[in-house]
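Dock chain B against chain A, hints included.
Order-wise, the sequence lines are chains A and B. For the first sequence, counting from 1, position 49 maps to 49 in the numbering used here; every step adds exactly one. For the second sequence, counting from 1, position 48 maps to 48 in the numbering used here; every step adds exactly one.
Among these hints, one or two may not hold up.
[To be verified] In silico lysine-lysine, DSS-like type, Cα no more than 27 Å apart, as pairs:
1. LYS196(A) <-> LYS165(A)
2. LYS65(B) <-> LYS117(A)
3. LYS65(B) <-> LYS85(A)
4. LYS74(A) <-> LYS138(A)
[What the hints assert, rightly or not] Simulated restraints, written as ranges between beta carbons of each label pair:
5. GLU82(B) <-> ASP30(A): 38 to 44 Å
6. LEU6(A) <-> TRP69(B): 37 to 43 Å
7. LEU48(B) <-> VAL158(A): 39 to 45 Å
8. GLU82(B) <-> GLU182(A): 56 to 62 Å
9. TYR64(B) <-> VAL26(A): 18 to 24 Å
10. GLN78(B) <-> ASN131(A): 49 to 55 Å
11. ARG81(B) <-> ARG163(A): 26 to 32 Å
12. GLN179(A) <-> LYS9(B): 53 to 59 Å
13. ARG73(B) <-> SER153(A): 33 to 39 Å
14. TYR64(B) <-> GLN113(A): 19 to 25 Å
15. ILE7(A) <-> ARG77(B): 30 to 36 Å
Since the hints were made in silico from the structure, they are not lab data. On a predicted model such as this, the values are computed, not experimentally measured, just so you know. Don't be surprised by glycine CBs; every beta carbon is placed ideally from N, CA and C.
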Amino acid sequence: MRLNKLIMSAVVAASVLIVSSCARKVTRIDPNQQIDISGGWNNTDARLVAEQATSDILSASWLTNHLSDHAGKKPVVIVGMVYNKSHEHIEAETFVKEVERCFIQSEKVRLVQGGKKREELRAERADQQTNSSVSTMKKFGLENGADYMLQGSINSIVDALNRKKVVYYQVNLELTNLQTSEVVWIGEKKIAKYVKN
Amino acid sequence: MKFLKIMKKICYIAALLILPAIGYSQSSAFVSDQNPRYQESQDHYMKLKDSLVTLHGTTVQNTYKAYDWREDRAARRQQRREWRHQERLYEIMYGGYDYYGYYPYSSGYYYRPYSGHRPYWGYGNRWRSGFHLGAGYSW
Numbered sequence: 001m002r003l004n005k006l007i008m009s010a011v012v013a014a015s016v017l018i019v020s021s022c023a024r025k026v027t028r029i030d031p032n033q034q035i036d037i038s039g040g041w042n043n044t045d046a047r048l049v050a051e052q053a054t055s056d057i058l059s060a061s062w063l064t065n066h067l068s069d070h071a072g073k074k075p076v077v078i079v080g081m082v083y084n085k086s087h088e089h090i091e092a093e094t095f096v097k098e099v100e101r102c103f104i105q106s107e108k109v110r111l112v113q114g115g116k117k118r119e120e121l122r123a124e125r126a127d128q129q130t131n132s133s134v135s136t137m138k139k140f141g142l143e144n145g146a147d148y149m150l151q152g153s154i155n156s157i158v159d160a161l162n163r164k165k166v167v168y169y170q171v172n173l174e175l176t177n178l179q180t181s182e183v184v185w186i187g188e189k190k191i192a193k194y195v196k197n
Numbered sequence: 001m002k003f004l005k006i007m008k009k010i011c012y013i014a015a016l017l018i019l020p021a022i023g024y025s026q027s028s029a030f031v032s033d034q035n036p037r038y039q040e041s042q043d044h045y046m047k048l049k050d051s052l053v054t055l056h057g058t059t060v061q062n063t064y065k066a067y068d069w070r071e072d073r074a075a076r077r078q079q080r081r082e083w084r085h086q087e088r089l090y091e092i093m094y095g096g097y098d099y100y101g102y103y104p105y106s107s108g109y110y111y112r113p114y115s116g117h118r119p120y121w122g123y124g125n126r127w128r129s130g131f132h133l134g135a136g137y138s139w
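Next comes chain A alone, as it looks inside the complex (with noise of 0.2 Å):
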């Protein structure tokens, strides 16, 4: 009797242990931790890439020879597109955000709107002429004309064998006069990595 209560005493902690090991568990970290598990790309090093940018950027003798060659009128930027050569998906609009972002925050340079949300404002404005009032309608022709566009590429190298590997990546942004087709800033960021499995 008390080894029958023995027996099924164990059987249910060992069904409670199996039934807890399986159930998925998720807590919330902090998005600045440095969480590595599989070695591909991941938030921090979109992170590290972001900080990289946005403290070079602004930084930088571009700006500063625009403001004195314009007589301290502001320059308008345009981001332009991120080239992805890696061997990994990359969304580079987690850290190009990130600078668009300091750009508007540190109110030195202006920002203007490209591609597909570009194309949305213009259709709203379309829609506009027919639709709203004479005194509320938004006018073609007026946007404001970037002087500069920021483009981008990834790169990365992997070295592989067995179990160890080491990935090399580069990210690099550029920002360039669209008037003169002149390169003013270059942007690097590298970051390599050594995984064993």
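Same frame as chain A, now just chain B:
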């Protein structure tokens, strides 16, 4: 009297000509610094606006499938189960032979009766066609 009638006609024609011109000039009042070719852009977006404006307030789902080792393994297992299930179905339907006429789990010699029309001897398994020797007829 005739003079008044002529004047009325002239006024009427003038009104017909001038009023639309005034209306047009008001609608297309040129603002200083406005791009002189703005009308081209406006015409272009007037055609596109309906398809773009309907997306306002919606979320465009431009997602991608992230690699997850556990999910990938589960998907592989699921696919294997489905393949085995299909093989079992073929076994039931074709009496132990798969869709292409090979016995699914045999790795040795087998005899394929083929509805009595084509006596067939051969060697092979589920992964390769192997060697076949046969004689008979078919329709």
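Unsatisfied constraints (hint numbers, rising): Going through the list in order, the structure violates no hint and respects every one.
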